[in-house]
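Participant: Listed below, chain by chain, are the residues.
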Amino acid sequence: MALLVIAEHENGVLKPDTAKAVAAALKVGNDIHVLVAAANVDPIAQSAAQIDGVSKVVTFTDEGCEQHLAESLSDVVLSIANNYSHIFASATTTGKNFMPRVAALLDKSQISDIIDVVSADTFKRPIYAGNAIATVQSNEELKLITVRSSAFDASGEQSACEISSLEHNVNNTVSHFVSAEVTESERPELTAAPVIISGGRGMQNGDNFALLNGIADKLGAAIGASRAAVDAGFVPNDMQVGQTGKIVAPDLYIAVGISGAIQHLAGMKDSKVIVAINKDPDAAIFQVADYGLVADLFDVLPELEAAL
Amino acid sequence: MKILVPVKRVIDYNVKVRVNSDNTNVDLNNTKMAMNPFCEIAVEEAIRLKEAGNATEVVVVSIGDKAVHEQLRTALALGADRAIHIDAAQNLDSLHVAKLLAKLVEQEQPELTILGKQAIDSDNNQTGQMLAALLGQGQGTFASKVELNDGKVLVTREVDGGLQTVGLALPAVVTTDLRLNEPRYATLPNIMKAKRKPLETISADSLGVDLTPRVTLLKVEEPSKREAGVIVEDVAELVSKLKTEAKVI
Chain A
1 MALLVIAEHE
11 NGVLKPDTAK
21 AVAAALKVGN
31 DIHVLVAAAN
41 VDPIAQSAAQ
51 IDGVSKVVTF
61 TDEGCEQHLA
71 ESLSDVVLSI
81 ANNYSHIFAS
91 ATTTGKNFMP
101 RVAALLDKSQ
111 ISDIIDVVSA
121 DTFKRPIYAG
131 NAIATVQSNE
141 ELKLITVRSS
151 AFDASGEQSA
161 CEISSLEHNV
171 NNTVSHFVSA
181 EVTESERPEL
191 TAAPVIISGG
201 RGMQNGDNFA
211 LLNGIADKLG
221 AAIGASRAAV
231 DAGFVPNDMQ
241 VGQTGKIVAP
251 DLYIAVGISG
261 AIQHLAGMKD
271 SKVIVAINKD
281 PDAAIFQVAD
291 YGLVADLFDV
301 LPELEAAL
Chain B
1 MKILVPVKRV
11 IDYNVKVRVN
21 SDNTNVDLNN
31 TKMAMNPFCE
41 IAVEEAIRLK
51 EAGNATEVVV
61 VSIGDKAVHE
71 QLRTALALGA
81 DRAIHIDAAQ
91 NLDSLHVAKL
101 LAKLVEQEQP
111 ELTILGKQAI
121 DSDNNQTGQM
131 LAALLGQGQG
141 TFASKVELND
151 GKVLVTREVD
161 GGLQTVGLAL
171 PAVVTTDLRL
181 NEPRYATLPN
191 IMKAKRKPLE
201 TISADSLGVD
211 LTPRVTLLKV
221 EEPSKREAGV
231 IVEDVAELVS
241 KLKTEAKVI
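Residue numbers (the numbering used here), protein chains in the order written: chain A, 1 to 308; chain B, 1 to 249.
This is chain A alone, in the form it adopts within the complex (with noise of 0.2 Å):
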């Protein structure tokens, strides 16, 4: 049987995240089909017809999907689902909002968040912020997965796969889009940034994130932040690296004036290299940094952004 991926996309446009997916669906099968369920389906289908072991691309317009609206999304999926034996979605924000709802709707259990696919079957997955990591079996004649993107290198590219189109009517009648408000930035997203550099609540406050700036443009970083320092209200939510925020594991990450709880350090530690600035010396986060530097930060910000 086949196995489905749903794509993850935004504004007409195909997010890193799914040639993740696809390539945890890889290490099941070799028959994988890609929905692509959106308003302006074409742009997206076409980037994820070319991801390397896709042989099929399904398409389906439609204004709630491309508003990642739970309800709609799992009524389209559920309308093909009995045609697959793995359904994957990346562990996002919508992933991890609709394919519950997929699963419970087709009265599945669902496994979420993987880093690792043992067999056809059994998956290994953190759990306790990270602290252990579960090898877990599925009983299900039909599996429903989310992946951790950060665990999986994405799949490479192919010449185009074929694209069709499916019919549905979508049934939802208990939700609808409101508003969006879209953090507008020019800088890489956390989840696909090659570099990120990240402040804590040793940054005072959110006016000296700006520190952070100038680094990040030189690195071409993306701007994280802890939970303690979302929590002071010094940055948004969408800027938090840990358990409850983000899942980053950039080539090169850098901590600033953070501690390193545990919820942080789960959001992070599989970064290749991870520097941490920081004036206590006894701060956790040095126990997994590659680089330490004790210092004060706004010594070592301005410093370190000359020179580079």
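Calculated directly from the structure, the hints in this document are not laboratory data.
Where is the CB? At the ideal position from N, CA and C, for every residue including glycine.
Careful: at least some of the hints might be erroneous.
Each computed DSS-like pair below joins lysine-lysine, with the alpha-carbon atoms no more than 25 Å apart [as the list claims (entries may be wrong)]:
#, chain 1, residue 1, chain 2, residue 2
1, A, K124, B, K16
2, A, K27, B, K219
3, A, K272, B, K241
4, B, K50, B, K152
5, B, K241, A, K279
6, A, K124, B, K219
7, B, K103, B, K197
8, A, K218, B, K241
9, B, K103, B, K66
10, A, K279, B, K243
11, B, K32, B, K219
Distance windows between CB atoms, simulated [unchecked claim]:
#, chain 1, residue 1, chain 2, residue 2, range
12, A, G156, B, E222, 29 to 35 Å
13, B, S203, A, G29, 40 to 46 Å
14, B, T212, A, P281, 50 to 56 Å
15, A, E303, B, E222, 34 to 40 Å
16, B, L188, A, H168, 41 to 47 Å
17, B, G162, A, D52, 29 to 35 Å
18, B, T31, A, N169, 47 to 53 Å
19, A, A192, B, E222, 27 to 33 Å
20, B, T31, A, G156, 44 to 50 Å
21, B, K32, A, A192, 27 to 33 Å
22, B, G151, A, P281, 56 to 62 Å
23, B, E233, A, G29, 51 to 57 Å
24, B, S203, A, S119, 51 to 57 Å
A short, non-exhaustive set of chain A residues, derived as facing chain B with CB atoms under 8 Å [what the hints assert, rightly or not]:
#, residue
25, N237
26, D238
27, V300
Following the hints, complete the assembly by docking chain B onto the known chain A.
Facilitator: Only chain B this time, still in chain A's reference frame:
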């Protein structure tokens, strides 16, 4: 209107988790337990809606053995009116939890059910969405703002790119994110009062849900440890190491 708030008893978020010696699960013996932090936010939101005159009754429910009475009493001390304990084995799949809660919703008929977005033990992030699906209700997940208005609820959601607001017909299900509110602490007089508030126990069996596990936990391991690296003297040494040793800039 009535609000139902399901809460989960989990390991206290300050406690370091250890995998047990035979790698079958984490070791929870003699561990401090607490209400899941996202569930605390859910209880707080329900109480605030009641204090604002938008709700008339807040009912809390927890599934597990008798130990969950502790978390239910905490919720009562915070301001919930009444508690229900569904007596069942621990470690149910999220789907089973959602099915038990769906049965309870059918009995209690709340107009709003507010849950935490995830439990900090299993980190599944499924139950609220599954409950909404089973009930055919709309779901406002990862909420940072909840507004009741004219027979519907507007939920502002924390999403990857920023915020999204959805409108849901009532009854509906909401799951809480961190910034929705800051939970209060229970005062001693309220803790005393909570002891006299009603707490009813019903057996999971009486709700008629097949609880056969669908997912088998095969093994639990420690994550691979990351070794601490070196402490550099200054910015110059840091930049030099990143360029020549780590080769990441």
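Participant: All the hints need checking, so say for each whether the structure fits it.
Facilitator: Right, here's what the structure says about each hint:
| no. | hint | in the structure |
| --- | --- | --- |
| 1 | A:K124 - B:K16 | 21 Å, holds |
| 2 | A:K27 - B:K219 | 20 Å, holds |
| 3 | A:K272 - B:K241 | 14 Å, holds |
| 4 | B:K50 - B:K152 | 16 Å, holds |
| 5 | B:K241 - A:K279 | 20 Å, holds |
| 6 | A:K124 - B:K219 | 9 Å, holds |
| 7 | B:K103 - B:K197 | 23 Å, holds |
| 8 | A:K218 - B:K241 | 17 Å, holds |
| 9 | B:K103 - B:K66 | 20 Å, holds |
| 10 | A:K279 - B:K243 | 23 Å, holds |
| 11 | B:K32 - B:K219 | 23 Å, holds |
| 12 | A:G156 - B:E222: 29 to 35 Å | 33 Å, holds |
| 13 | B:S203 - A:G29: 40 to 46 Å | 42 Å, holds |
| 14 | B:T212 - A:P281: 50 to 56 Å | 53 Å, holds |
| 15 | A:E303 - B:E222: 34 to 40 Å | 38 Å, holds |
| 16 | B:L188 - A:H168: 41 to 47 Å | 57 Å, violated |
| 17 | B:G162 - A:D52: 29 to 35 Å | 31 Å, holds |
| 18 | B:T31 - A:N169: 47 to 53 Å | 51 Å, holds |
| 19 | A:A192 - B:E222: 27 to 33 Å | 29 Å, holds |
| 20 | B:T31 - A:G156: 44 to 50 Å | 45 Å, holds |
| 21 | B:K32 - A:A192: 27 to 33 Å | 38 Å, violated |
| 22 | B:G151 - A:P281: 56 to 62 Å | 58 Å, holds |
| 23 | B:E233 - A:G29: 51 to 57 Å | 52 Å, holds |
| 24 | B:S203 - A:S119: 51 to 57 Å | 37 Å, violated |
| 25 | N237 | 5 Å, holds |
| 26 | D238 | 6 Å, holds |
| 27 | V300 | 6 Å, holds |
Going through the hint list in order, the structure does not satisfy hints 16, 21 and 24.
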